[in-house]
Amino acid sequence: MAELENIISTREITLHMGPQHPSTHGVLHLLLEMQGEMILKAEPDIGYLHRGTEKIAEGLLYHQFTPYTDRLDYMCAMSNNLAYVMAVEKAIGLEIPERAKYIRVIAAELSRIAGHLLAMGAWALDLGAMSILLYAMREREIVLDIFEQICGARMTLSYLRVGGVRYDFNKEIVESINELLEILPGRLDEYETVLIGNRVWIQRNEGVGVISAEDAINLSLSGPALRASGVKWDIRKDEPYLVYDRFDFDIPTGENGDCLDRFNMRFQEVKQSMRIIKQAVKDLPDGPFNVDIPEIVPPAKPNVYKNMENLIHHFKYVSAGFKVPKGEIYSAIEAPKGELGVYIVSDGTEKPYRLKLRVPTFVNLQTINHMSKGRYLADVIAIVSSLDPVFGECDK
Amino acid sequence: MTPVDKDAVLIDKVKAAFRDKIISTTVYRGEVTHLVCASALRSMCTFLKTDPELRMNFCADVVGVDYMNETPRFEVVYHLYSITRKHRIRLKVRVNEGETIPSVTSIWAGADWAEREVYDMFGIVFEGHPNMKRIYLAEDWEGFPLRKDYPLRGYKDRYNPYGVDREEKD
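Line by line, the protein sequences are chains R and W. Using our numbering, the letters of the first sequence correspond one by one to residues 92 to 487. Using our numbering, the letters of the second sequence correspond one by one to residues 73 to 242.
Take the hints with a grain of salt, since some may be wrong.
[Said to hold, decoys possible] Straight-line distance between alpha carbons at most 27 Å, and here's what the computed BS3-like set of lysine-lysine pairs gives:
id : chain 1 : residue 1 : chain 2 : residue 2
1  : R       : K328      : W       : K158
2  : R       : K442      : R       : K407
3  : W       : K164      : R       : K146
4  : R       : K328      : W       : K121
5  : R       : K417      : W       : K164
6  : R       : K464      : W       : K205
7  : R       : K442      : W       : K220
8  : W       : K158      : W       : K93
9  : W       : K205      : W       : K228
10 : R       : K414      : W       : K164
11 : R       : K397      : R       : K362
12 : R       : K132      : W       : K93
13 : R       : K417      : W       : K93
14 : R       : K146      : W       : K205
15 : W       : K87       : W       : K158
16 : R       : K181      : W       : K228
17 : R       : K181      : R       : K362
18 : R       : K181      : W       : K220
19 : R       : K146      : W       : K220
20 : W       : K78       : R       : K328
21 : W       : K220      : R       : K417
22 : W       : K93       : W       : K78
23 : R       : K414      : W       : K220
[To be verified] So these bits of chain W aren't anywhere near chain R, every CB distance computed over 12 Å:
id : residue
24 : A88
25 : A112
26 : M204
Hints were generated in silico from the structure; no laboratory data involved. Beta carbons are placed, not taken as given, at the ideal position from N, Cα and C, and that holds for glycine.
Could you put together the complete structure from these sequences and hints?
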């Protein structure tokens with residue numbers, strides 16, 4: 092008998108999951124301490140993609156840093172652009188035109204749809220439902236086509252700029268957006284049939300990675316993952332920026348705080364984003380899409396070749412940038428993954444003295460240990476997907 | 073809550089409770105900042121979290137800033153938010169090179185990684201932190217990159233031919 096016990100007894104092992112692993116969404120390295128298949132402790136080891144973005148920012152003019160923000164959360168670059176330019180505008184004390192605000196709302200919500208679609212698709216792929224990834228990519232493609240129409244780029248957009256946006260919306264863009272709003276609801280119903288009515292999918296997510304509201308707040312979880320635990324907190328509603336207070340939309344909240352709830356939050360949020368876009372497109376006012384301050388917004392390119400003053404303004408903008416008054420500000424937006432905050436310390440020059448990015452993925456990843464403790468190895472995959480980490484953002 | 077009520081809670085109430093521990097209070101672009109003594113940090117954070125009118129239950133971020141030519145050299149900045157009361161406050165603590173600062177991880181567990189990041193980038197040690205080690209950089213990394221005296225392109229070694237030559241160590 093004693094011999095038999097020796098054979099079946101298990102010992103604690105440490106398993107390295109990642110950094111090269113197909114379901115870690117990038118370069119996440121998890122150190123899993125396991126007893127058999129059960130997780131005793133999950134310790135994320137991050138930093139494989141660290142590029143020193145904050146140090147780079149200290150050496151750049153304010154307007155030169157916008158493209159770097161695209162490379163943070165590259166799945167929804169508009170939100171990053173928005174967080175950054177809004178922070179700089181707050182530091183300057185700049186009020187942007189109405190039309191630019193509406194365009195920004197549309198851009199940010201489109202990017203939320205793109206981000207959530209990929210999050211849901213990749214999550215389904217990780218749990219073995221590959222067709223959903225292909226469906227989600229098909230719909231994401233429509234959104235990326237709209238981005239291409241708006242600014243010529245698909246992933247690294249740099250569309251927003253301090254003082255407004257880079258290009259105006261035209262009729263064709265509005266038409267494409269309306270087309271998307273017509274197509275998407277039917278496609279979302281397809282997902283619902285394939286996933287939410289799927290027993291395997293539900294069993295792999297329901298009751299997995301449960302976190303209570305109290306623990307989630309204590310661990311600084313934010314975004315859809317926090318709302319899945321029943322905390323009704325969305326910066327768009329509670330500290331409205333741009334023109335979000337003029338739109339009618341709901342904040343979905345979950346009850347159980349498990350992976351299934353976190354999935355549902357994203358699913359519902361796509362629908363709410365569509366509602367916002369619909370209203371914003373309908374109310375889109377006419378007028379300028381940039382502030383009329385030559386130091387902050389350079390003149391339109393064709394004018395630079397014809398007009399001497401415009402050429403001077405363009406040259407001054409590119410070579411010297413603009414000054415930001417001395418002081419420090421923190422500005423946060425509701426990015427698809429949670430609270431995306433930018434803290435700027437300005438010493439009154441053209442470059443930030445210190446720029447800190449409060450990135451949601453980095454903070455949210457802290458909860459992995461809490462969620463996976465006592466669960467099985469296969470659940471860790473669902474838990475990682477439910478946090479939707481993007482490592483360009485996490486590692487900065 | 074109207075702005076006046078907000079000021080009454082975020083400024084007057086906090087000031088009344090920690091009169092001699094607050095070095096200065098500023099309001100810039102509608103954001104309230106208290107510069108406090110490091111010795112009072114933990115008791116003040118506990119007060120901010122537990123007081124029914126303040127309820128700062130969400131620690132958004134911990135940030136380090138290097139003011140190289142000033143003494144004390146570093147500033148650690150806490151961004152706090154109240155999910156129930158919907159207001160933000162910023163606490164700042166000045167700390168010199170080589171000094172430690174009390175950790176707030178026992179008050180908000182979410183400050184864990186943020187404090188590790190500050191240590192990683194500035195070398196500020198948080199006393200009482202359960203796992204004080206580097207988070208982004210390799211464990212054997214030399215120097216603290218976000219300090220102002222750390223060169224933008226790093227130090228020269230066999231992986232980084234464009235870096236700056238490191239001064240001889242004494």
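Hints that the structure is at odds with (numbers, increasing): Checked against the structure, the hints that fail are numbers 11, 12, 16, 17, while the rest are satisfied.
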